[in-house]
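Given the sequences, and given the hints that come with them, work out the whole structure.
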Amino acid sequence: MTDLAGLASYAAFFLAFAGIFAVIVLGLNLHWGFTGLFNVGVAGFVAIGAYVSAILTTPDHPGQLGGFALPVVVGWLGAAAAAGLAGLIVGAATLRLRHDYLAIATFGIAIVIQLVALNAQWLTGGPFGLHFVPKPFEASLGAGLPFNAAYLALVVGVVLLVHAGLERLVRSPWGRVLRAIREDEVAAESLGKRIFAFRLQAFVIGSAIMGLGGALYAHFIGYIAPEDFLPILTFQLWTMLIVGGAGNNRGAILGAVVVWAVWAISGGALRAIMPPDAQTRGAALQVVLIGILLAAMLILRPRGLLGEETAISRHAAAREPEG
Amino acid sequence: MLQLIADGLVVGSTVSLGAIGLTLTYSLLRFANFGHGELLTTGAYAALAVVTAITAWGVDAPPIGPFSFGWPLLVALPVAAGATALVALAIDALLFARLRARGSAIVLIIASFGAALALRNLLLFVFGPLPEYYSREIQIAVALVPRGVMGGMRVTPDQMVVLGLALAAMVALHVFLTRTVLGKAMRATAMNPDLARITGIDTAAVIRATWILGAALAALAGVFAGLTGQVRTTLGFELLLPMFAAAILGGVGSIHGAALGGLVVGLAESLLTPVLGAEYRAASAFLAIIAILLVRPAGLFGRVAR
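Protein sequences, first through last, are from chains A and F. Residue numbers -13 to 309, in the numbering used here, belong to the letters of the first sequence in order. Residue numbers 11 to 316, in the numbering used here, belong to the letters of the second sequence in order.
These aren't lab readings, by the way, just hints derived from the structure by calculation. Please note: incorrect hints may appear among the correct ones.
Incomplete in silico selection of chain A near chain F, CB under 10 Å [said to hold, decoys possible]:
{"#": "1", "residue": "85"}
{"#": "2", "residue": "89"}
{"#": "3", "residue": "93"}
{"#": "4", "residue": "100"}
{"#": "5", "residue": "101"}
{"#": "6", "residue": "218"}
{"#": "7", "residue": "228"}
{"#": "8", "residue": "246"}
{"#": "9", "residue": "273"}
{"#": "10", "residue": "281"}
Owing to the predicted nature of the structure, the values given are computational and were not obtained by experimental measurement. The beta carbon of each residue, even a glycine, is placed where N, CA and C say it ideally should be.
Rendered as C-alpha cells:
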C-alpha cells in the first residue's frame, strides 16, 4: 500500500514537472513556432520568473532583499510581468535586426542573469539560492502525495489556461499576421503590417509565459539556485519543442512530456550503469544523448511528432474540392 | 592601468582568432554558429592529448627558454588544428549539410546549439571534469614597464608568444584571403553565393575550406586560452559571447573587423573589470553587444544586415 502511494506520489511529481515544462515550451512555441523568433536564452527568462516570484512570496530573511511574504498568486503575476519586461528590453534592441542577433542577445542575457543569480547575494542568495519558497496547499494538505497531487492539478489548470489562451491568440487575425511574418517578412510588410510591433508583442507575451513557468517551478520545489537555470535547460526546452512539433500547441505539451520522460529514464539508467565515481561523466553522456535526439529529430522528422496544422481557409477548401 | 591593457590584449588576441573563424562561417554559411566555442575546446583538448601522449612516451622535453612549454606543444599545435578541422567537417557532414540541403537554414542555429552541448559533454565524458594544464612549470613575469609608471606592466613570456603568434596568424590569413585563388573564391562566395557558383567556383569546396580554416584558427585560439589559463571543458563556451561581440563589433563577415573587434572586446573586458567587479566580467561582452546593436548594428566595417 505504501509502495503504491509512493509510486502515485512519484507519478504526480513527474507529471507536475512535465506540466511546468509544458508551460515554458508553450511560451517558446509562441516565439519560435508561430513567429519564428530565436530565443536561445529561455533559461534566463525562466530564472527571472522563478526569482521574482520567490522574492515576492518568501518570508522575511535577514540580509536579503524581499521577504515580502505576499500571496503566491501575486508572485506568479509578478514573475510573468518581470519576464515580460526583460523580453521587452531585449526585443526592443534586437527585433529590428536579423534573427541571428536576437539569438546572440538572448544567449547573452541568459548568461548575465546567471551571473546575477550567482553573485548578487543580497538579491538572489548567491550560490546558495533562495530557500523557503512557499508551497501552496502543503501546510493544509501535507507533504508527499497530497501536495504533489494538488500541485499537479494546479499545473494542469495553468497548462490548459495557457493553451486555451494561446490557441485563441494564434487563430485570431493577430496570430495569422505572426505566421505571415514568419513565412515572408517582406510580403507581410508590404501588406502594411508593422512587423516590429507584432514581433515585439509576441516576444513579450512568450517571455511572460516563460516567467510564469519559472514561478511554477520555484513554488513546486520550494528552493531555487543558479544551477537550476543553466543553458542546458534552454536546450532541453528547445528539444521538447522540436520533438513535439513547433507551431503546434498540443505538440509543445506532448514534446514536454516525451522528452522529460526520456530524460528521466536515461538519467536513471545511466545512474544505475555507471560506477559511483563516474557519475559526473554519466550525466555528461545523458546530455550527449539528448543532443543526438535533437539532431536526429531535425534531420529525420523536422515537423516533430505532431507538426503544424496546414493553415488554409475553410472557404478555399469548399470552393475547390478537387484542390 | 597598463597592466589591464596588457591583459586585455592577450585575452583579446585569443578572442580575435576565435571571432575570425566565427565571422567566416557566419558570412559563408549564413548562420550564427553557437558551436564555435566548442571547436576551441576541442582544439585545446586535442593539444593536451598530444602533449600528454608524448610525455607518457618517456621523452624528455624540457621547457624552451623562458617559456613554460617544451617542443611537444609546438608539435601539438598543428595536430590540434588538423583534428579540430576534422571534427568540424564531420559535424558539417552529419548535421549542417543535411539541414542546408533541405533549405531550412534557419534551423541551423538551434542545431549548432545542440551540437555544441553534445560535443562539450562528450569532452567532459572523455577527459573528466578536472581542469588540466599543458605544463606545471612556473614562469616569472617580465616587467616591461617599471611599477612607478602607471602601475607598471608585467607580462609572462607565454603571454608574449601568444600575442605574437596570434598576430602572425592574422597576417597569414590576410595574405591567404587576398593573394590566393581559394581565398578570393571564399570572399566571392561570401558576397554572393549564386554569382560565385555561376562563375565556376566550387562552392562545396569553399564551404569545406571555410570549416577547415575556421576550425584551425579556433584550435589555435583554444590552445592559447589553455596556455594562458586552464584547459577545461567550458573554455570555449566562456569565450563564445566575447567572440560574438567581436564579430558583431567588427561587422559580421568582416575578417579585419573581427580581428580588431576581438582586441577591443578583450580590452573592454579587462578595463571594465575594476568597474563591474571580476565576478561580472563576462557581462561586459553582453553590454558591448547591446550597445553596438543599439548604436551601430552594422558594426565598424560591416554592411547593414537585416
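**Which numbered hints fail** = Those not satisfied come down to hint 8.
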